[in-house]
Every structure is written in structure tokens, then in C-alpha cells.
Amino acid sequence: MSYVDPSKLCGDGDIETYELHEPQQPSALAPKAKAMSALGSSRSDAVSCQDDAGSEASWLSSLMPIRPRERPRPDFNGVWLCRAATGDVDDFLRDLGIDHATRAAASEANYGVGHAQITIGQADEHFVMKPAGTNGFTQRFIVNGRPQVTEGSMGPSCLVPSWEGDVLRLEVDRIVTRKYRISGQSMVCEATSAGGASATWHYSRKL
Numbered sequence: 001m002s003y004v005d006p007s008k009l010c011g012d013g014d015i016e017t018y019e020l021h022e023p024q025q026p027s028a029l030a031p032k033a034k035a036m037s038a039l040g041s042s043r044s045d046a047v048s049c050q051d052d053a054g055s056e057a058s059w060l061s062s063l064m065p066i067r068p069r070e071r072p073r074p075d076f077n078g079v080w081l082c083r084a085a086t087g088d089v090d091d092f093l094r095d096l097g098i099d100h101a102t103r104a105a106a107s108e109a110n111y112g113v114g115h116a117q118i119t120i121g122q123a124d125e126h127f128v129m130k131p132a133g134t135n136g137f138t139q140r141f142i143v144n145g146r147p148q149v150t151e152g153s154m155g156p157s158c159l160v161p162s163w164e165g166d167v168l169r170l171e172v173d174r175i176v177t178r179k180y181r182i183s184g185q186s187m188v189c190e191a192t193s194a195g196g197a198s199a200t201w202h203y204s205r206k207l
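For the sequence shown, full-length UniProt numbering begins at 1 and goes up steadily by one.
Simulated from the structure, these hints should not be mistaken for lab results. Every residue, glycine too, gets a C-beta built ideally from N, C-alpha and C. Among the clues, some could well be false.
[Unchecked claim] Distance ranges between label pairs, derived from CB positions: (1) Leu-207 <-> Asp-88: 30 to 38 angstroms; (2) Ser-107 <-> Gly-184: 28 to 36 angstroms; (3) Pro-72 <-> Arg-146: 17 to 25 angstroms.
[Unchecked claim] No farther apart than 16 angstroms at their CA atoms in a straight line, the calculated lysine to aspartate or glutamate pairs in the EDC-like style are these: (4) Lys-179 <-> Glu-164; (5) Lys-179 <-> Asp-75; (6) Lys-179 <-> Asp-166.
Hey, can you work out the whole structure from these sequences and the hints?
Here's what the structure looks like:
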């Protein structure tokens, strides 16, 4: 595995890093988007998603016991299917430096509506996020407000996870901020570029 200098991704300061590999055994798993991360993936297999969810659940269950809190965190666990995309998605992608051909292809695919999905595992502050697809990647992180190097759609990615009340906020590579909110069986992901363009993806819980 090639060495990644975290300072080049996250800047100066304390940085937490994770090995970028898939786990060997469920009981001994170690903590491990760029622009297209906001779109998720275009295709997935239901059985594969169930396997992924089970594997990540095993990793999460091996973590230290959850410390009690007066108010529990929102439950993001599940496989989430994109059901709508709102806002000026093309402007948002343009602001991220996505070329015209790629933006046109994303538009043709309706920005993932009806087929893009993401598997999320959560144990208190510990998260696993895995968009489905052939070029899928897995992001593992702890929500503690500190920069962490994890996987992204185009290689190593710098993530700064934090809470804003019940909203999960992810600053990605200092070019986009994603905010996740839960309402019953629905999840909303609002993505905003550093230039201020924004788009929102709406998901329903499949599993």
C-alpha cells in the first residue's frame, strides 16, 4: 500500500488515519468524496447489500461499549435508496470541477434517483458508509470533529466529521460539505460546495 501524506489532504494539525483495506475477519476489523461521492452509485445487488450490512455490523459490534448519553444519536443504520434529487445539481457538480460530459451522464442517469444507494453502519460515534457500485469504496470514521484520512471515490480522502445537533456533518477534502438528517424511514443528504452551490438527495430506508 502506498504511503499517503495526510498533511497534503487535511492540512496541518492532528490527523487520524485508517488503513485503506477491507477487513479480514468480522471479529478483528480495524478502522480504515471526492466530487462524485455526493452522487453515490448507479447500480447495486440486494444480496450484496445485505452481506455488506452484516459485515459492517460485525465490525461495529466489536467496538468498545457505547457510553451512555442523555439523548441518543439519530439512527443512520440501514441500506438507503435514493428517491429524489433536488436543487441545481448540475451547478453543484460544475462547482466541484466536474466536466461537461460527466455532468451530462449524471443528468441522463437522473442523478441516481431510483437506483443509487448507500449502506450505513453506526455504533454511537463510529460510522461506516459504503455506496454500492463497481467502483465502490468504504469510509470508516469517528465523529469527533477531527480530520481523518479514509477512502474516497477517487482514492484517499480527508474527512472532518462532526455533529450539529442531530445532523451529521461531513467536510470532505475542503471542497464539499455533506449534512445528513434522519426523519423516520427517510434520510436527507444536503451537499454544499465551497463556492456555495448546493443540491440535496433524498433517501428511503430499504433494509
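Hint check:
1. Leu-207 <-> Asp-88: 30 to 38 angstroms: Since Leu-207 and Asp-88 have Cβ atoms about 31 angstroms apart, the given range 30 to 38 angstroms holds.
2. Ser-107 <-> Gly-184: 28 to 36 angstroms: holds (30 angstroms)
3. Pro-72 <-> Arg-146: 17 to 25 angstroms: Cβ of Pro-72 to Cβ of Arg-146: about 22 angstroms, so the range 17 to 25 angstroms holds.
4. Lys-179 <-> Glu-164: holds (9 angstroms)
5. Lys-179 <-> Asp-75: Given pair Lys-179, Asp-75 holds - Cα atoms ~15 angstroms apart, limit 16 angstroms.
6. Lys-179 <-> Asp-166: holds (10 angstroms)
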